[in-house]
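Trainee: Spelled out from the first residue to the last, the chains are:
Protein chains: 2
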Amino acid sequence: MREVAVLGIGQTQVDEHWGKSLKILAGEAALAALQDAGVDRADGIFVGNMMSGSANHQQHLGAYLSDWIGLPQSESVHIEAACGSGAAAFRCALMAVASGQMNIALAVGVEKMTDSPGPEITAELATAADADWEAGQGLSFVALNALIMRRYMWEFGWKHEHFAPFSINAHQNAIHNPFARFQEPLTEQGYQKAPMIADPINLMDASPMGDGAAAVLLVPVERLKRLDQSPLVKVIASSAATDTISIQNRRDATWLTAAEKSARDAYSQAGISPKEISLFELHDAFTIMAALSLEAAGFSERGQAPRLAMNGEIKPSGKIPISTRGGLKARGHPVGATGIYQIVEVVQQLRGLAGETQVPGARYGMAQNIGGSGSNIFVHILEAC
Amino acid sequence: MREVAVLGIGQTQVDEHWGKSLKILAGEAALAALQDAGVDRADGIFVGNMMSGSANHQQHLGAYLSDWIGLPQSESVHIEAACGSGAAAFRCALMAVASGQMNIALAVGVEKMTDSPGPEITAELATAADADWEAGQGLSFVALNALIMRRYMWEFGWKHEHFAPFSINAHQNAIHNPFARFQEPLTEQGYQKAPMIADPINLMDASPMGDGAAAVLLVPVERLKRLDQSPLVKVIASSAATDTISIQNRRDATWLTAAEKSARDAYSQAGISPKEISLFELHDAFTIMAALSLEAAGFSERGQAPRLAMNGEIKPSGKIPISTRGGLKARGHPVGATGIYQIVEVVQQLRGLAGETQVPGARYGMAQNIGGSGSNIFVHILEAC
Chain A
138 MREVAVLGIG QTQVDEHWGK SLKILAGEAA LAALQDAGVD RADGIFVGNM MSGSANHQQH
198 LGAYLSDWIG LPQSESVHIE AACGSGAAAF RCALMAVASG QMNIALAVGV EKMTDSPGPE
258 ITAELATAAD ADWEAGQGLS FVALNALIMR RYMWEFGWKH EHFAPFSINA HQNAIHNPFA
318 RFQEPLTEQG YQKAPMIADP INLMDASPMG DGAAAVLLVP VERLKRLDQS PLVKVIASSA
378 ATDTISIQNR RDATWLTAAE KSARDAYSQA GISPKEISLF ELHDAFTIMA ALSLEAAGFS
438 ERGQAPRLAM NGEIKPSGKI PISTRGGLKA RGHPVGATGI YQIVEVVQQL RGLAGETQVP
498 GARYGMAQNI GGSGSNIFVH ILEAC
Chain B
138 MREVAVLGIG QTQVDEHWGK SLKILAGEAA LAALQDAGVD RADGIFVGNM MSGSANHQQH
198 LGAYLSDWIG LPQSESVHIE AACGSGAAAF RCALMAVASG QMNIALAVGV EKMTDSPGPE
258 ITAELATAAD ADWEAGQGLS FVALNALIMR RYMWEFGWKH EHFAPFSINA HQNAIHNPFA
318 RFQEPLTEQG YQKAPMIADP INLMDASPMG DGAAAVLLVP VERLKRLDQS PLVKVIASSA
378 ATDTISIQNR RDATWLTAAE KSARDAYSQA GISPKEISLF ELHDAFTIMA ALSLEAAGFS
438 ERGQAPRLAM NGEIKPSGKI PISTRGGLKA RGHPVGATGI YQIVEVVQQL RGLAGETQVP
498 GARYGMAQNI GGSGSNIFVH ILEAC
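Heads up: the protein sequence lines correspond to chains A and B, in order.
Going by my numbering, the first residue of the first sequence is number 138, and it counts up by one from there.
Going by my numbering, the first residue of the second sequence is number 138, and it counts up by one from there.
Check the hints yourself; a few may be wrong.
Repeated chains share a single entry, so a pair holds when one copy, or any two copies, can fit it.
Unchecked claim - SDA-like cross-link-like pairs, simulated, lysine to any residue; straight-line CA separation at most 25 Å: (1) 398 / 207; (2) 398 / 176; (3) 398 / 178; (4) 412 / 209; (5) 157 / 440; (6) 157 / 521; (7) 296 / 456; (8) 398 / 210; (9) 398 / 412; (10) 157 / 273; (11) 371 / 493; (12) 330 / 406.
Hints listed in this document are in silico derivations from the structure and should not be mistaken for laboratory results.
Small disclaimer: the values here were computed from a predicted structure and weren't measured.
Same shape as in the complex, but just chain A (with noise of 0.2 Å):
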């Protein structure tokens, strides 16, 4: 198996892109990501998306792609999984470069949210949840991660307002992100007044729905090499775990096995621990997931992942910073993209270009991508080298 680098990357803004249709926005990304790399064409395409066939009618975006942006040579697919659908097109693009089959391969994740009116988005993005068991009978993504977030609450004994560290930190970083959705901060008070949505979840406790695309080309290492580029930035882990789809059937639903299993195993391959860590790109669709992911990837004490986010441990200059770029909740989270634009902001960070947020000395980058709740995680571990 080839080791394989991240040549180029490119994102657009995370809005309410209402000019702009889903390829507009997908091609932005993946034509920035190819004149970031310095390359104009691909063997491979594999797009991140999840719900392009009934928000946009339009499927088999893998060849809708290819054609617009002029490269209808290249192969191309459209990978999904739910709101991990991002990571999972990067992993299969990484596959593919890693056993040969590509020389060039670009990920592109996108989702344009806003074509579809409000209640319709609700029911498509409760696809990712079992249609019989959870979405038949009612329960919106948000509901589901409000009884998680409840029973954590009452398991652990925390309050809402001891949630408001994580949502605060994400708005801080995404002020200095000219691509995030909310670059302004966000206040205690703000954050403790927001309109509830299903309780315990308020308004800051979720990240918001939003149109974007980011794009990632991947190269083996030897072919970076000879380009010279510094620093280069590999991909060092790669590894995915699924769990129950519906969170009733887990015998535990405060803890992400799935979650648990992937971060093992990503630290196994790259044969580091996660003290060593820089900085990880987590999956904060609502401040609980942060929570949860912190513990599970071994970052935090179980049940503790709020007392970390109070003494300002996820900050870029804290012991594991988080949310660096704003996360899902600021930077925003247009589900079939946000994966891709979590490696977007961890090559960022390897690189040394992530300005005000930079975190200093940044070696280990992660980002953790999540599909439904809990139920599909991806895990990715670059190195600058």
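Given chain A, work out where chain B should sit, using these hints.
Mentor: Leaving out everything else, chain B in the frame of chain A:
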């Protein structure tokens, strides 16, 4: 890159499965493949499906299926390339094993079309075409193929009746396949008197909708050797190519550029010529697609595929047997599952277990799966060793 072999196959009958849900169908095929292989786990599951998000209100088929079949420890994703989703999933599974990332990968194709009533499914199928320039103008998938067929007939001087042998051969072969949707013969008269759908395509030129699932289990060849399986069925070529998504943007609507390129790449990987192919499971969603595929893949002079069919060369006893188990026309075309059915049928032939329609001495079997109107084409060549 490691050599990869098929260790197990499984399928359900293609039918209107009113009593079985999406997951029951997919689960039956997946478990049958595991049983055939004699293994009880998989490192990864790749699910090919096109329309479950809209037709079945269920996305996230990776986690959904791994949970249902009792393998929540397996990582899993959903792969989509319109009607080419099955082969696209197979190709991703293949790369995962070839790269060394996985030792056992399961590729499952599934589609449950009857959950979506008639007019809706037509719109859902049209999401494989360009939403802006084809579907948005009211062009259904049959209509797109009718435009191509009309042009082909005009250019090469064929009449509608000359396409009859494609459908008659498919039905004749399906009689002996217990998994086929239509296990009954079609006569010349039956073909010609079928009701018109989109002139010149009548009901007997078109493959039927249906529900079904098929699965294939892949392992590295060295593992198979240890198990002493005979014959050993190796995947000796895997390729894919795209073309413009809309036919209006092609220089020539009667030539499948992506079929030519993907077949050429596959022959090159396998180190063989078209003459050595024992059988060709092609994508006969419409009779015109069977003709175009035979030509682009090098089995017929341009514009002369109907002649090949009329001369009986596409029968199991002919020079290039096609649709040996019924093809899309008579086995059925549950879109996202079709590419896996084709692989399953090639394996049946290479194992010498195709009964009445066994191709004598079958050594090299080729499967070709098309997404959209020729815009995304996947080719695999398997060898009995």
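Trainee: Which of the listed hints are broken here?
Mentor: The structure breaks hints 4, 5, 6, 12; every other hint is satisfied.
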